[in-house]
Structure formats: structure tokens, C-alpha cells
Amino acid sequence: MLEQGYNRSLYAVMFNNFFHRLASPKHFYRIAGAWIPWLAGACLLLFLAGLYYGLVVAPPDYQQGDSYRIMFIHVPAAWMSLFIYMVMAGAGAIGLIWRIKLAEVIAISSAPVGASFTFLALVTGSIWGKPMWGTWWVWDARLTSELILLFLYIGVIALHSAIEERRTAARAVAILALVGVINIPIIHFSVEWWNTLHQGPTVTRLDKPAIHLSMLIPLLLMALAFKLYYAFVVLMRARCEVLARERSAGWVRELVE
Amino acid sequence: MNLNEFLHMGGYAFYVWTSYGIALLVLVVNILMPLRQRRKLLTDIARRQRRARRTP
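Which chain is which? The protein sequence lines are A and B, in order.
According to the numbering used here, the residues represented by the first sequence are 1 to 257, in order.
According to the numbering used here, the residues represented by the second sequence are 1 to 56, in order.
No wet-lab data here; the hints were simulated from the structure.
Keep in mind that the hints are not guaranteed to be accurate.
Derived pair list, reagent style BS3-like, types lysine-lysine, alpha-carbon separation capped at 30 Å [to be verified]:
id: 1; chain 1: A; residue 1: K101; chain 2: B; residue 2: K40
id: 2; chain 1: A; residue 1: K26; chain 2: B; residue 2: K40
id: 3; chain 1: A; residue 1: K227; chain 2: A; residue 2: K130
id: 4; chain 1: A; residue 1: K227; chain 2: B; residue 2: K40
id: 5; chain 1: A; residue 1: K130; chain 2: A; residue 2: K26
id: 6; chain 1: A; residue 1: K101; chain 2: A; residue 2: K227
Produce the entire structure from the sequences given, and follow the hints as far as they go.
Right, here's the structure in full:
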């Protein structure tokens, strides 16, 4: 009994120690710097594999011809636009509740990357829509809610840059991000709740995916590449944010010299 | 499959390559932005330090 309790508390101390170190800006800056090249390298390899399988190996679609290849950009970008928003809101909430500075940093560093992927999902969807639907844009539920997501990201970025004091800005941004979470299930279920021109899900359904393996493989490769891309770019941004916040700290002075 | 056929994309060349081109642009810009910001921050902090040292 006693030993078990001791072991458990030892693990708790080790666990806390790890996170305490990681959450300290100085260590985060160093650890993130070490991770970035590896993440970027793995991301590049996945991109090359995904592009090869998506553009060369996968056969044309029997209905959409080669135009469906836009999917390998469009779908992972759309997935990332939702995923990054949840990371941003989650990190914002952690920052609000436990006052962890690093969570605030991750939240605000995620916003531009998330906005980029949302923009990419909208633009590639539009380019794909033109030959398939005959129009660049329709105000259907999926497209409209995704556009609102872009405005939410832009709102977060604008709010953060409008408030001088960084911690106040982080708190305001977290609240805005959390309110905007309501939009995420709306985007996801929009194709089921409303009668949309946008097609329903083909991969993320409960029964087996309605997509052939030769098309699923490049899709998943690209999705993984996009995830790693987000990971290393958000770390690059977070390092900048940490530097800006800690500009007068001793370790930054040593770093500059 | 020859190169021309590949670039032609079954008649959808404009749509496919525009999408991939914009994607590449967005991804590259997102890498360049923090690189530039970091360089700017570091020179800015260094300049501030030199100034602080000069004024006793």
C-alpha cells in the first residue's frame, strides 16, 4: 500500500517535472528548436509520397475524371481548419483556467496557420466547384459555415493585435475562440442537417469509407503531411511569440549575444 | 503515361494545377513568415541591448 502510494507520487513528480520544464519558456524554446527540423523533414517526405500517389499512381475518377485530385489538398486542408481551431480553443481554455503561458502562446500561434488552411479549403473548394457544380460559390450550409470559420480566425488575429498587453490579449482571444467552438459541429454536420450542394462525408463515416484504397492512401498521406506541417509551423511561430514575450529575460539576452 | 498527358490532367489542368499552386504558395509563405519574424526580433532585441549598455 505504502509503496504503491510512493510510486504513484513519484510518477506524479516526474510527470509534473517534465511539464514544468516544457512549460518554462527557455526550455520550450530550446526543445522546439530541436524538434522543428525533424518534423519538417518527415513532413516533406510525406508530402512527396502523397503527391506521387495522388497525382501519378491514383487512377482518374469514373465520374469526375482528373478534377477530383483537388481533393488531396481540399479535404486535408478542411480537416486541418477544424482540428487547428479545436487546438486553439483548447489551448486558450487551458491558458484561461490554469494561467499556463505556453498554452496562450500555442493558442495565438495556431490562428494564422488555421486561417491559412481555412482559406485553402475555401479556395480549392471553389476551384473544384467550378467544373463540377458549374459555379465558384453557393451559399449552402457547408460553405457558409466554413467561411464563418475563416472570419473567426481573422477575428482572433485582429483582437490579439489590437490589445497591447500580451496576457490580456491572450485572455480575450481565448474567450472569442471558445465562443466560436459552436461553429465546429455546425460545419461538421452541415451536410447532414441541411440539404447541401456539398457532398456528404466519404471517409469519416461509421461504416467503411466510400472511397477506393488507391485514392484513400494519398488522401491519408497528405492529411498526415498537413498535420506535421501544422506541428512544425506552430512551433516556429510559438518560438517567435516566446522571444517577444521574454525579450528582457536573462536567457534571451544570453541567446542574442 | 507521358508528361504531356500528366500535365493535361484529363482536361482539368487549369483547375488542378491552380489548386496545387495556391496550396504550395500558402504553405511556403507560412514558413517564411515566422523565419522573417524571428530574424527581426533577434536583431531588434540585440539593438536594444547595445543601446541599454551604452547609456549608464
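- Item | Earlier hints that do not hold, by number | Hint 5 alone not satisfied by this model.
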